[in-house]
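Number of protein chains: 2
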Amino acid sequence: MATPHEPKQDRSRATRQRLLEATIDCLAETGWAAATVAVVAERAGVSRGAAQHHFPTREDLITAALEYMFDSRTQQAKEEAMAVAAMADGVGRTEAVVAGLVESYTSPLFKAALQVWTHAAADPALRERIVPLEAKFGRVSHRRAVEALGVDDADPVAHHLVQATLDMARGLGLADVLTDDSARRKQIVQQWAATLHAALNAPRALADSRSPTH
Amino acid sequence: MATPHEPKQDRSRATRQRLLEATIDCLAETGWAAATVAVVAERAGVSRGAAQHHFPTREDLITAALEYMFDSRTQQAKEEAMAVAAMADGVGRTEAVVAGLVESYTSPLFKAALQVWTHAAADPALRERIVPLEAKFGRVSHRRAVEALGVDDADPVAHHLVQATLDMARGLGLADVLTDDSARRKQIVQQWAATLHAALNAPRALADSRSPTH
Chain A
1 MATPHEPKQD
11 RSRATRQRLL
21 EATIDCLAET
31 GWAAATVAVV
41 AERAGVSRGA
51 AQHHFPTRED
61 LITAALEYMF
71 DSRTQQAKEE
81 AMAVAAMADG
91 VGRTEAVVAG
101 LVESYTSPLF
111 KAALQVWTHA
121 AADPALRERI
131 VPLEAKFGRV
141 SHRRAVEALG
151 VDDADPVAHH
161 LVQATLDMAR
171 GLGLADVLTD
181 DSARRKQIVQ
191 QWAATLHAAL
201 NAPRALADSR
211 SPTH
Chain B
1 MATPHEPKQD
11 RSRATRQRLL
21 EATIDCLAET
31 GWAAATVAVV
41 AERAGVSRGA
51 AQHHFPTRED
61 LITAALEYMF
71 DSRTQQAKEE
81 AMAVAAMADG
91 VGRTEAVVAG
101 LVESYTSPLF
111 KAALQVWTHA
121 AADPALRERI
131 VPLEAKFGRV
141 SHRRAVEALG
151 VDDADPVAHH
161 LVQATLDMAR
171 GLGLADVLTD
181 DSARRKQIVQ
191 QWAATLHAAL
201 NAPRALADSR
211 SPTH
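Protein sequences, first through last, are from chains A and B.
Residues 1 to 214 in full-length UniProt numbering are what the first sequence spells out, letter by letter.
Residues 1 to 214 in full-length UniProt numbering are what the second sequence spells out, letter by letter.
Treat the hints with care, as some may be off.
Stated by the list, open to error - Here are the computed lysine to aspartate or glutamate pairs in the EDC-like style, where the Cα-Cα straight-line distance is at most 20 angstroms:
{"id": "1", "chain 1": "B", "residue 1": "K186", "chain 2": "A", "residue 2": "D155"}
{"id": "2", "chain 1": "A", "residue 1": "K136", "chain 2": "B", "residue 2": "D180"}
{"id": "3", "chain 1": "A", "residue 1": "K186", "chain 2": "B", "residue 2": "D155"}
{"id": "4", "chain 1": "B", "residue 1": "K136", "chain 2": "A", "residue 2": "D181"}
{"id": "5", "chain 1": "B", "residue 1": "K136", "chain 2": "A", "residue 2": "D180"}
{"id": "6", "chain 1": "B", "residue 1": "K186", "chain 2": "A", "residue 2": "D153"}
{"id": "7", "chain 1": "A", "residue 1": "K136", "chain 2": "B", "residue 2": "D181"}
What the hints assert, rightly or not - Label-pair restraints from in silico Cβ distances:
{"id": "8", "chain 1": "A", "residue 1": "G90", "chain 2": "B", "residue 2": "S72", "range": "40 to 48 angstroms"}
{"id": "9", "chain 1": "A", "residue 1": "Q52", "chain 2": "B", "residue 2": "A96", "range": "48 to 56 angstroms"}
{"id": "10", "chain 1": "A", "residue 1": "R48", "chain 2": "B", "residue 2": "S12", "range": "46 to 54 angstroms"}
{"id": "11", "chain 1": "A", "residue 1": "A85", "chain 2": "B", "residue 2": "D152", "range": "35 to 43 angstroms"}
{"id": "12", "chain 1": "B", "residue 1": "A33", "chain 2": "A", "residue 2": "R48", "range": "19 to 27 angstroms"}
{"id": "13", "chain 1": "A", "residue 1": "M82", "chain 2": "B", "residue 2": "R143", "range": "40 to 48 angstroms"}
{"id": "14", "chain 1": "B", "residue 1": "A14", "chain 2": "A", "residue 2": "E128", "range": "34 to 42 angstroms"}
{"id": "15", "chain 1": "B", "residue 1": "A135", "chain 2": "A", "residue 2": "V131", "range": "31 to 39 angstroms"}
{"id": "16", "chain 1": "A", "residue 1": "V131", "chain 2": "B", "residue 2": "G138", "range": "28 to 36 angstroms"}
{"id": "17", "chain 1": "A", "residue 1": "V91", "chain 2": "B", "residue 2": "S12", "range": "54 to 62 angstroms"}
{"id": "18", "chain 1": "A", "residue 1": "A183", "chain 2": "B", "residue 2": "T30", "range": "33 to 41 angstroms"}
To be clear, the hints were calculated from the coordinates, so they are not data collected in a lab.
Beta carbons are placed, not taken as given, at the ideal position from N, Cα and C, and that holds for glycine.
Extracted from the complex, chain A is given alone in its bound form:
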């Protein structure tokens, strides 16, 4: 994609992006152990020296790839939220939001991130690098879901049900790692959306409408 007329900075950025995308593909397809800088560089069609210029260590590469995954996912969520905002209020809209969230947790991005999380569980140095990224991503995902559903996050019931929906989506993602779980998942999404919609719209006393603690 780089041409002789392309400024050096753009070429560098394109190389970086190719490396990050190759890292995600390697993690999702071949797992943690196989996703080394050398393998990723080869897959990206980048020399090992150039790869190491961008990412001196494997941890640098993995952390940057995780950040890149989160940015991609956040951008995608923003576009979904805009599409959903055009829909009429109703259970159909709630189902579209839930389906979009769940889909993001069954993507190759999730499968790649799962390799990193699982490895980080037994690697304190990596864990320390990715926990702040995770926390930020969790906050952004929650905010996007709240916006897409059009609910009041200061209402503890709505806040916790949005959180539960994200947890359920994460669990469906994990259930799809070893087998194709799509047929079962479709039914779960429909039922969850119906139950969530009813619960979010049930009349209730908002006596305790302080900001939730999380």
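Guided by the hints, dock chain B onto chain A, whose structure is given.
Then chain B, alone, in the frame of chain A:
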């Protein structure tokens, strides 16, 4: 624990159990790569030769450990279900069931199983061995949850809400892998138990009461 008077078969069974428990501890604490037959044997205080007599390959050891985890978890679920059955019907009972399910997904057993699943995602031979175990465990977990909640699994709404609860529990398990998520989790469990209880007990037409497809 073995004594000179202990029959040979019992000693062999005790050795096997020590190896399986050491495998689970190694996986949960040090991750996939470190959980080799040699490391596990040392941790269990068993000679490498004896370990290899029980489990000729690492795959044999890991598969047997996963089976042992599922059996332990199933036994635990059975005891929980009996304790819960003594409680009066109501949201408190539903919350006890949800809390018990979620707790099982945040145990070291889950953290050990996560290491195996994640590795199996990129290892077709291991995946082939564990998918049937997973399917069986999924069915048993579902049945136990149905019994503990005292619902009719032939009702598609109840069936899918029980499945969704197990998915949410799995997602909460994953959220606890890198950080202590217990404070947030407690609030999610309370809210979901209230929502689930209302949904399971809402009056509804059972026009379509065929057995659910999953």
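Do the hints match the structure? See the list:
At most 20 angstroms may separate the alpha-carbon atoms for a hinted pair to count; K186 of chain B and D155 of chain A meet this at roughly 17 angstroms. In summary, the hint linking K136 of chain A to D180 of chain B is supported, as the alpha carbons are separated by about 16 angstroms, within the 20 angstroms threshold. Only pairs whose Cα atoms come within 20 angstroms are accepted, and K186 of chain A paired with D155 of chain B is accepted, the gap being roughly 17 angstroms. Among the hinted pairs, K136 of chain B with D181 of chain A is consistent with the structure: their alpha-carbon atoms are about 15 angstroms apart, no more than 20 angstroms.
With a CA separation close to 16 angstroms, the supplied pair K136 of chain B and D180 of chain A stays within the 20 angstroms bound. Taking the CA atoms of K186 of chain B and D153 of chain A, the gap is about 18 angstroms. The hint holds against a cut of 20 angstroms. Distance restraint check for K136 of chain A and D181 of chain B: the Cα-Cα separation of roughly 15 angstroms lies within the 20 angstroms cut-off, and the hinted pair is therefore satisfied. Look at G90 of chain A against S72 of chain B: about 45 angstroms separates their beta carbons, and that is inside 40 to 48 angstroms.
Remark: the range hint 48 to 56 angstroms for Q52 of chain A to A96 of chain B is upheld by a beta-carbon distance near 54 angstroms. Under the hint 46 to 54 angstroms, the C-beta atoms of R48 of chain A and S12 of chain B, about 51 angstroms apart, fit the expected range. One distance hint, 35 to 43 angstroms for the beta-carbon pair A85 of chain A and D152 of chain B, holds here, with the actual separation near 39 angstroms. Evaluation of the 19 to 27 angstroms hint for A33 of chain B and R48 of chain A yields a pass: the beta carbon distance comes to about 23 angstroms.
Taken as a hint, the range 40 to 48 angstroms holds for the pair M82 of chain A and R143 of chain B, whose Cβ atoms sit roughly 43 angstroms apart. Taken as a hint, the range 34 to 42 angstroms holds for the pair A14 of chain B and E128 of chain A, whose Cβ atoms sit roughly 39 angstroms apart. Restraint check, A135 of chain B to V131 of chain A: a C-beta distance of roughly 33 angstroms satisfies the suggested window 31 to 39 angstroms. Between V131 of chain A and G138 of chain B the beta carbon distance is about 30 angstroms. The supplied range of 28 to 36 angstroms therefore holds.
A C-beta distance of roughly 58 angstroms is found between V91 of chain A and S12 of chain B, which places it inside the suggested range of 54 to 62 angstroms. For the pair A183 of chain A and T30 of chain B, the supplied restraint of 33 to 41 angstroms holds, since their beta-carbon distance comes to about 37 angstroms.
Against the hints set out earlier in the document, no violation occurs for any number.
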